[in-house]
Structures are given as structure tokens and as C-alpha cells.
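Protein sequence lines, in the order shown, are assigned to chains E and U. Numbering follows this note's numbering, with no gaps: position 146 of the first sequence is 146. Position in the second sequence (first residue = 1) + 1000 = this note's numbering.
Please note that a few of the clues may not be correct.
To give an idea of the interface, some chain U residues facing chain E are shown, with a C-beta separation under 7 Å as derived from the structure [unchecked claim]:
no. : residue
1   : Ser1018
2   : Arg1099
3   : Arg1114
4   : Ser1213
Rather than coming from a laboratory, the hints here were simulated on the basis of the structure. Think of the CB as a built atom: it goes at the ideal place given N, C-alpha and C, for glycine as much as any other residue.
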Amino acid sequence: MTKTPPALEITSLRKRYGQKVAIDGLTLRVEQGEIFGILGPNGAGKTTTVECAEGLRQPDGGAIRVFGIDPYRDRARARQLVGAQLQESQLPDKITVAEAIGLYASFYPRPADTGALLARLGLTEKRDARYRKLSGGQKQRLSIALALVGRPRLVVFDELTTGLDPAARRASWKLVEELRADGVTVLLVTHYADEAERLCDRVALIQAGRLAACGRPDELISRAAVPAGVHPTLDDAIVALTTGEA
Amino acid sequence: MTAVAETPVSQPRARQRSAFRNLVTVEARLMIREVVPLLWGAAFPMVLLSVIGEFSNGPEKSLGGFSLVASYVPVLIAFTCSTFALQGLPAVLTGYRERGILRRLNATPVGAGRLLGAQLTVNVSVALVATLGILVVGAAGFGVPLPRQPAGFAVALILTAAAMVGLGLLIASLARNPRVAGAVGTMLFLTLMFFAGLWGPQATMPAGLRRASDDTPLGAAVAALQHSMAGQWPSASGLALLAGYAVAFGLLAWRLFRWE
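Work out the full structure: start from the sequences and follow the hints.
Written out as C-alpha cells, the structure is:
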């Protein structure tokens, strides 16, 4: 077996919350070193999918593997390989930036240099600031730093740039591209088609817990039927492929 | 930053231990920065004991042969245990849950269970130090003898702490957010401290109230602590009741606790 396993392999994944079916037979595969986007309308199951990949949820059916490891059954191993930036996850008000990054670094076998990581995310001057005193963008950058401090091989960004100003968004995009240059696989859950079009090697469109389409952004754009004379964008393609409208 | 393509090492225990130590350190610092919990849960009982001590005039028949200050020592130990367990712990844990901090830790190799362990460690440690402080203030300031049955006292104290921590975890399991947890915790704290004799020692309670008090967690706790301080082994039924509360609250919390 010399073949390297894919960074993420999802096969016929099913997950329900009570009566509500969140994931309904989803299959997709993310190769190592890809920047892979997950797009879809609200409630499509994007976050549930990545939470299963992070080992936070147990699937009801199907299989999910990160680098060949079951992230729920073999949590201890999988969590060393996966860095997570979760939606709406905060820190205690009075913890300082340096304390938070130092604490999270101690969770991993081969952590990154925390000083260098803070510098890379522009947080060096905020080392001794308490979490509550940080701006929204700084909090977001700290949560990115915590996702990277364990030197993961797969990073999951759930709404990486939601709430960021244009300059901060572009800085985050640059960071994602640098990660790929380092050989890290990036899973990007986003609402922004422009972000996915610009960054992602491939994107998956999820709708009602199923895969609506998957491919390179330009492939999806050319597949969408857009009225003549309009320059199609990935946004148009998403709408077309998930609602049947152009 | 570069992700190194090598097989992951197995989890060395040393790293888990150092992660836990760091969690305890950070949680302790966060509690110190909050200030109020330490003032209310640890310093206030000692101050209150000193005030009571000023009004205490030797053993009194109406207090079962104890001085006023001696009868308040176990009550204030129950006070310190229950503030940290019922008011501090559930508010912090529900806050961590509401803000996604437990979920975030569950996405790391360490897991949120260790944060829970760190919170328990910090709260129980502070409550134990405050208990020692109360004993020392009572002994040095007002001549209240240190527990004459130390082993019985230790057992009573451990069971008291366990019952209160169990109840605190149960509040954290049932309350959706820190506001609810704070309100429920305070309500229970006031009720249980009433039966513990904060507004009038057990010896002064009417017979019916006294019987009810003996069946409540902190009433049983104060009786057990009082007996062991006076040199007797606490009653088996009282200790069994405390242990029963600890197990019942703990099991319920275990079943009902949610990380998110």
C-alpha cells in the first residue's frame, strides 16, 4: 500500500437530528493538498458535514475517513491531523492571546512556534490583550491561529471570512494559499462564491444533505444555464444548480 | 507551519498531563481575574466568622453546648463549598458551552472532558483552602478547637464537596445558559443554606425544621462536620445520605450533561 489516502473521503454519509435529515447519502473525496470548497444554501448540511469530519458528530450511516482514519472512532489520532476553525466558537473573556495560543499548543505533539504564528496572523502586538478586548477581525485571526497551532495536515475553515472587512478577507485568502503551498489540505465552508471561485481547486455544492454538483469552479459555471448576454459567475451557477433557476 | 508528512505519534501521557496542568493554570488565573467568586466564596465566610466571633460568649446551652462561633464554623464551611459548586461552577460551564468553548476543545486531541476536570480541580482546591482558612480563623482568632476527629471530618468534608459538586454539575446540565444557571444556583444555595443553619444554627431550629434539615444535603453536612469537630465520628446515616446525594446528583448530571 504505497497509495496515499485522500485527505477526506466521505461515502454515503447519513446524519439526522431527531426527525430532521441533515445529511442524506453524501459522497465526496478531497485529495491531499487541495483547497476544497463546500457551498450551499443555509441548512444544506455543510457544517454537519465538516463536524463529522472533525469527529464532533457520529454519522448515522455511511463512512467518513480523514487520511484513512475514522475521525469519530479514532478521535485521538484524527484530531492531531485536523485543525478546526468552528463557526461561532469563542474563548473566555479574560484569557489573553498568549495564554490561549500557548494552551492550545500544549495539546499537540509537534506544535508550531507560537510567536511566529502570532506574527504571521498580525497578533504579536495583541499578545497580552484579553479576548474580550479584541476586535471581531482579531478574534477571527486568533481562532485561525488556534486551528493552525497543532500543524494540522487538514484545516477546516467554517465561514472563514464571514464578518471580515475586504482587506482582512484578502489577507485570509493569502493565508489559505500559503497553507496549500506548505502542503496542507484546506476545507473551506463558505457562502461566498467569489471566495470559492478565487481560492478553491474544486468545490462541492450541497443541497438538502446531498451533493448537487462537484467540480472545478469554471466547470460548474459552464454547466449552469445562464441567459445569453450575461457573464456567468459561480454565484449564478450555484443558484442554477441548487434551485434549477437561472 | 509546514505540515510534516509523518505518521502521528501515539498519545504520550506526559503531553496529556502537561495539557491538563496548563488548563488548570489558565482556569485558576481566569477565576482570580473574576475577583468576585474569591471574595464571595472564600474571603466573605472568613470575614463573617470574624464578625460572629466578636459576638460569641463561650458555650451556650441553647446551642447544644457550643459557642456561637463554633456552631458557625461548619455552616460557613458548607457556605464556601456550595458557593463554588452551585454558583461558580455551573455559570462557568454553561458559559463555556454557550460560547462553543467545549465544542472547540472537543475538536482538539485533549477534549473538553479535561477542561471540566480542570474546572473541578480549581473549584475544589479553592474551597478546600477556604475551609482551612475558616478553621484557622476560628482556632487562632476565637479558640474554636480544630477538628478532634480529623478522619471523620475529612470524610464529611469530601462527601459534602462531592454532593455539592454533583448538584452543581446537574445545574450545568439542565441550565441552558449562565443566566439561568446563576439564578438556579443562587436559589438552591439560599434554600440549602437556610437548612444548613446560616440564619440560625441547627440547635435553635424547631424540632420539625431540624428533622427536615437533617435530610437536606447541607443540613446533613453541617451535622456531620459539627460532630467530627467535637470529636465524634459523624453518624453513619448522615454520611450515607451525603454519599447518596453525591451519587444521585452525579449520575443524573453524567446522563444529562451536554457538551453543546
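Now the hints, each set against the structure:
{"no.": "1", "hint": "Ser1018", "in the structure": "6 Å, holds"}
{"no.": "2", "hint": "Arg1099", "in the structure": "4 Å, holds"}
{"no.": "3", "hint": "Arg1114", "in the structure": "9 Å, violated"}
{"no.": "4", "hint": "Ser1213", "in the structure": "38 Å, violated"}
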